[in-house]
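K.L.:
Use these hints to put chains B, C and D onto chain A, whose structure you have.
Protein chains: 4
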Amino acid sequence: MMRAAKPVLTPHDPDFESRVRESFERQGAMKLIGASLEKVAPGEVEIYLPFREDLTQQHGFVHAGIITTVMDNACGFAAYSLMPADASVLSVEFKVNLLAPAKGEAFIARGEVIKPGRTITVCNGEVYAPGEVNKLIATMTATLIMLQGRTGIPQG
Amino acid sequence: MMRAAKPVLTPHDPDFESRVRESFERQGAMKLIGASLEKVAPGEVEIYLPFREDLTQQHGFVHAGIITTVMDNACGFAAYSLMPADASVLSVEFKVNLLAPAKGEAFIARGEVIKPGRTITVCNGEVYAPGEVNKLIATMTATLIMLQGRTGIPQG
Amino acid sequence: MMRAAKPVLTPHDPDFESRVRESFERQGAMKLIGASLEKVAPGEVEIYLPFREDLTQQHGFVHAGIITTVMDNACGFAAYSLMPADASVLSVEFKVNLLAPAKGEAFIARGEVIKPGRTITVCNGEVYAPGEVNKLIATMTATLIMLQGRTGIPQG
Amino acid sequence: MMRAAKPVLTPHDPDFESRVRESFERQGAMKLIGASLEKVAPGEVEIYLPFREDLTQQHGFVHAGIITTVMDNACGFAAYSLMPADASVLSVEFKVNLLAPAKGEAFIARGEVIKPGRTITVCNGEVYAPGEVNKLIATMTATLIMLQGRTGIPQG
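Top to bottom, those sequences are chains A, B, C and D.
Every letter in the first sequence is one number past the one before it in full-length UniProt numbering, and letter 94, counting from 1, is 94.
Every letter in the second sequence is one number past the one before it in full-length UniProt numbering, and letter 37, counting from 1, is 37.
Every letter in the third sequence is one number past the one before it in full-length UniProt numbering, and letter 53, counting from 1, is 53.
Every letter in the fourth sequence is one number past the one before it in full-length UniProt numbering, and letter 152, counting from 1, is 152.
If we strip away everything but chain A, and leave its shape as in the complex, we get (with noise of 0.2 Å):
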């Protein structure tokens, strides 16, 4: 719907998809969930979730938390993709919205930049379920700061 003007999104540093890649390696939460890094453009990241019986709550849909740890590692990537070499990148806060149970085989996390900037970057993120319609499973916005030389946050 958006009629205002799309974002231009130009990347800091050539090689940000072989940065994105590697700071993605470095989270033990993604090894634990299976989760695996799909599409890396500038701006725009794609994270991959096959379903499985330990990523589940109560009702046997995978965990709303889940959902959100793979919707905010798409929507921290896209910022990241964006960002100086020297960088590393924070969540500052998000929201989301879980508009349909997490039902299916897998699930494709996405994130975009919405508003790039030089301290807050602001993001979209959506998580569906491919299939003959790409079930739409929910909705994240998400905030995000850039620091750099800050001791104690490695880069990444």
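What you were told as hints is all true, and nothing was included just to trick you.
Simulated pairs of lysine-lysine, PhoX-like, Cα-Cα distance not exceeding 20 Å:
(1) K135/A x K6/B
(2) K135/D x K115/C
(3) K103/B x K135/B
(4) K103/D x K6/C
(5) K6/A x K115/A
If you are wondering where the hints come from, they were derived from the structure by calculation, not from laboratory data.
P.N.:
Here is chains B, C and D on its own, set in the frame of chain A:
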């Protein structure tokens, strides 16, 4: 960016537009701030707000709360446009990101249903300043609830 | 319910109260809706809003956007009260839950800093209708950013 | 800071605690991340999460999504504790602010009902790292919906 399927937006009431416009007319707050209802389509509403000095915050931009007021209405009436004739709509919650100062001669708030539902409807909203480039000012995600036959809440 | 430690709220500027009150006075929107600034303490602000017909939505309650306007201000000025004298504050985002219809003769918006920071400050806000029982109308969580020396954003 | 009246939190079902504990036990995700259910009171729940390397993001802190997972559960079960025995609870949406890196040996997630309702319940949640000073890590506001007799959603 949405790669999930778009929702099907079918109004329950063929007279949805006049119902939306009557409800809008009953809002004292819209008269106070000088907003007018423009487009009304199934699941989609646009509101127009000219700049006025008496809508500003301390820096001379339109107040984030006033921007929210028109976005909340655009979302609420987008949801209401799909509901039965005897229903009422109330905002359960919303989340707003303020992406740029609300500078400009006028602003357009758009609301769109992303998930229609029996009880809960979810909408996305945005406000932009129209111009050569339509500058995105703010975004909203809103959760609305439909009420029917609830005492104390008149239809609308 | 907070069992985490409370934040220490120390203003950088001993004249924080006059600075907050001057900034409030510059807001055209506050005059328009008839809101007044009551309490100003370090990291805590209260705003008073009497009911008026021209603040209402279609059901005769005060519009959620107007309720948001005073809550956003209570949060923004609570954050601003802790900042250096040459700083400006802007809302990055906020999230509002509407818990009860805004019925009553008057409303009090309170904002409180829950996490002061160098760049980012997070506040909680609420609006209630005072009475024998103070009825909770709405809650807010707001993220604010401090700007210093940014051209185009006057102090305040 | 809440000066509005506190809600009265009365469980519909005297066996609420065993019902909450059984539902928690059915969550594969809780076993996966090693979380345990501690306190269950009417409208209030605490969950304990020890630090593990396989819960981390790229900087070595516990992933914001995992922190969200336990907060979402604390809120969801706090809401569920007040509901009738044949009800199910689902998260409609939540909003998370990440206030400090999730460093520490363990974390406690607390959820509390701030507005019980027939259909919609609103909760506040927080995660803190217990210590000499209990360090606040994150906060949540969550909107939950009660379902009764909905096919496809088992009780819990």
